[in-house]
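*Asks:* If you read the protein sequences in the order shown, they are chains A and B.
Heads up, the numbering used here is the position in the first sequence plus 120, with the first residue counted as 1.
Heads up, the numbering used here is the position in the second sequence plus 120, with the first residue counted as 1.
Hints should not be assumed to be uniformly reliable.
A pair counts as met if it fits within one copy or between any two copies, since identical chains are not told apart.
To be verified - In the DMTMM-like style, the derived pairs of lysine to aspartate or glutamate whose C-alpha atoms are separated by at most 20 Å in a straight line are: (1) K127 with D391; (2) K127 with E409; (3) K127 with E350; (4) K127 with D157.
In short, the hints are calculated from the structure, not lab data.
2 protein chains.
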Amino acid sequence: MKPAAGKRIFIQEVVLRDGFQMEPIFIPTDVKVELIDRLSRSGVAKIEATSFTSPRAIPALADAEAVMHRITRVPGVVYAALVPNARGCERALECGTDEVNVVMSASQTHNQANLRMSCEDSLRQFTAIAQMAREAGTAVNASLATAFGCPFEGTISASRVMELLDRIADAGIGNVALCDTTGMANPAQVAELCSQVRQRYSQLGLTAHFHNTRGMGLANVLGALEAGIERFDASLGGLGGCPYAPGASGNICTEDLVHMLQAMGYHTGVDLDALLALARWLPEIVGHEVPGQVLAAGPSSRRYAPPAACSV
Amino acid sequence: MKPAAGKRIFIQEVVLRDGFQMEPIFIPTDVKVELIDRLSRSGVAKIEATSFTSPRAIPALADAEAVMHRITRVPGVVYAALVPNARGCERALECGTDEVNVVMSASQTHNQANLRMSCEDSLRQFTAIAQMAREAGTAVNASLATAFGCPFEGTISASRVMELLDRIADAGIGNVALCDTTGMANPAQVAELCSQVRQRYSQLGLTAHFHNTRGMGLANVLGALEAGIERFDASLGGLGGCPYAPGASGNICTEDLVHMLQAMGYHTGVDLDALLALARWLPEIVGHEVPGQVLAAGPSSRRYAPPAACSV
Numbered sequence: 121m122k123p124a125a126g127k128r129i130f131i132q133e134v135v136l137r138d139g140f141q142m143e144p145i146f147i148p149t150d151v152k153v154e155l156i157d158r159l160s161r162s163g164v165a166k167i168e169a170t171s172f173t174s175p176r177a178i179p180a181l182a183d184a185e186a187v188m189h190r191i192t193r194v195p196g197v198v199y200a201a202l203v204p205n206a207r208g209c210e211r212a213l214e215c216g217t218d219e220v221n222v223v224m225s226a227s228q229t230h231n232q233a234n235l236r237m238s239c240e241d242s243l244r245q246f247t248a249i250a251q252m253a254r255e256a257g258t259a260v261n262a263s264l265a266t267a268f269g270c271p272f273e274g275t276i277s278a279s280r281v282m283e284l285l286d287r288i289a290d291a292g293i294g295n296v297a298l299c300d301t302t303g304m305a306n307p308a309q310v311a312e313l314c315s316q317v318r319q320r321y322s323q324l325g326l327t328a329h330f331h332n333t334r335g336m337g338l339a340n341v342l343g344a345l346e347a348g349i350e351r352f353d354a355s356l357g358g359l360g361g362c363p364y365a366p367g368a369s370g371n372i373c374t375e376d377l378v379h380m381l382q383a384m385g386y387h388t389g390v391d392l393d394a395l396l397a398l399a400r401w402l403p404e405i406v407g408h409e410v411p412g413q414v415l416a417a418g419p420s421s422r423r424y425a426p427p428a429a430c431s432v
Numbered sequence: 121m122k123p124a125a126g127k128r129i130f131i132q133e134v135v136l137r138d139g140f141q142m143e144p145i146f147i148p149t150d151v152k153v154e155l156i157d158r159l160s161r162s163g164v165a166k167i168e169a170t171s172f173t174s175p176r177a178i179p180a181l182a183d184a185e186a187v188m189h190r191i192t193r194v195p196g197v198v199y200a201a202l203v204p205n206a207r208g209c210e211r212a213l214e215c216g217t218d219e220v221n222v223v224m225s226a227s228q229t230h231n232q233a234n235l236r237m238s239c240e241d242s243l244r245q246f247t248a249i250a251q252m253a254r255e256a257g258t259a260v261n262a263s264l265a266t267a268f269g270c271p272f273e274g275t276i277s278a279s280r281v282m283e284l285l286d287r288i289a290d291a292g293i294g295n296v297a298l299c300d301t302t303g304m305a306n307p308a309q310v311a312e313l314c315s316q317v318r319q320r321y322s323q324l325g326l327t328a329h330f331h332n333t334r335g336m337g338l339a340n341v342l343g344a345l346e347a348g349i350e351r352f353d354a355s356l357g358g359l360g361g362c363p364y365a366p367g368a369s370g371n372i373c374t375e376d377l378v379h380m381l382q383a384m385g386y387h388t389g390v391d392l393d394a395l396l397a398l399a400r401w402l403p404e405i406v407g408h409e410v411p412g413q414v415l416a417a418g419p420s421s422r423r424y425a426p427p428a429a430c431s432v
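Chain A with its partners taken away, still in its complex shape (with noise of 0.2 Å):
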């Protein structure tokens, strides 16, 4: 854990997607254009605007058309979205979309619970919609969810990890996000696992996604830092979580993170301040606190008077 002597981390704000499908509310379009646009000058390297779901599955994102056609694109920023299926990825090739990402789990339990089918059709569909957005010119990021673990199968081993890999590589996508869906990773298992991937595939271009259920999400950044990963997915204020984990924490906070990073010599070309305001501006826009904690203490370098008594 050597100071970081301003090596570059990216980061990959996931608030609008991850974030706002767990919301029961519907963020009025001019919110998320207007959060989304001030994400964007804010620094981070990539954004994922929305979901190409049905309206049906997901009320929350319906409006991914709008919001992707009436965001102001910054120079160097990713706009990703995920892509459910051929159909998702037709409609966000249509509005311009720089990146579709796919999802599916490492646990067969999980990708029939969450998707309603097997990893096999999951791996069939990544094929078409790869090919599909190779022709646009797109780019793919295909999450791996409950890579470290699954709530129903519980331990994923590396040699699954492995052999989806492969098949991913396979399918034509050339960048995977191991994502600890339901937060059961512990850092040396991400160390670990995050090590044998880098050495393995060292063309992926390879992201960490981490959850905090269970306290331990800068940890595991750290266990990935130290395994050589440079990209991390993070949600502004927390936002986020699992339906299988009521009470718990949600994604890795973005603001928190980039706090994290800096403080320890990272470059993460992020305006921590300006985060910090959008942080702010979150509970008016979800009806509810977020668990964000720079948020509620301020950054570690804030300062204070001393009390009275102090001055003599």
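Let chain A serve as the given structure and place chain B on it in line with the hints.
*Replies:* Just chain B now, with coordinates in the frame of chain A:
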């Protein structure tokens, strides 16, 4: 961050002192005694049971003598108490306290604000208390507050910490806790400072004491583990905290710490289920929710029945 292969880590519970002293209510002595007795059987290595301070200064801990006399001591568990001055030390020694904990801040301004005396005066007091304790055959630990940063002065230099550790050693004290009192430390800083301290004071009994004020608590534990630290203070449920960070999290949470360490392969000797049962009791004791995450989500070993749609 290699798998830990059963390395022993010592868990030191501070909820009775660092946690309860922040609570606005008086927790009945019976409850404190029952909590300590159940913690004693959970496998923690040390329990800071109370503070022998003035009942006017901290009414919540006005029953220090009664607590120490009524607990059932488990062999192998160290029962510690904070002593703010020589009078407090006398009281602690009369109660057969195993270890007296003295506190000063690395920051002059924080020492003045928190203890209303200069660092020099604190060191003089340390010398007197250490002598009293030595004559009674009682161990002494010095907690060095704001060792990683001060909310008034900012960053505390490693050389300042070393200067104070020299003086603490001169006072005849062989155990020190480096305390991140207001949650300003980051993992790189922790690894660096702890490593320097261990190299220079190889005989010192060294504890790391972190707060989760800015979400980095368990990440900082990883920095300390990398530097070879084996003893950690933590507070059940994550109670505790700091008057300068209203709304922020408190001390690192004992059950979250034990959960992470065990998942990483460390041997804590602690029964996590027993800790969780006690953490579940805490909201009733203090009258509000507590920040612990594993309490909300369950341990990562928790399994869920797949939805019915998965069974096919």
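*Asks:* Identify every previously stated hint that the structure contradicts and give their numbers, smallest first.
*Replies:* Checked against the structure, the hints that fail are numbers 2 and 4, while the rest are satisfied.
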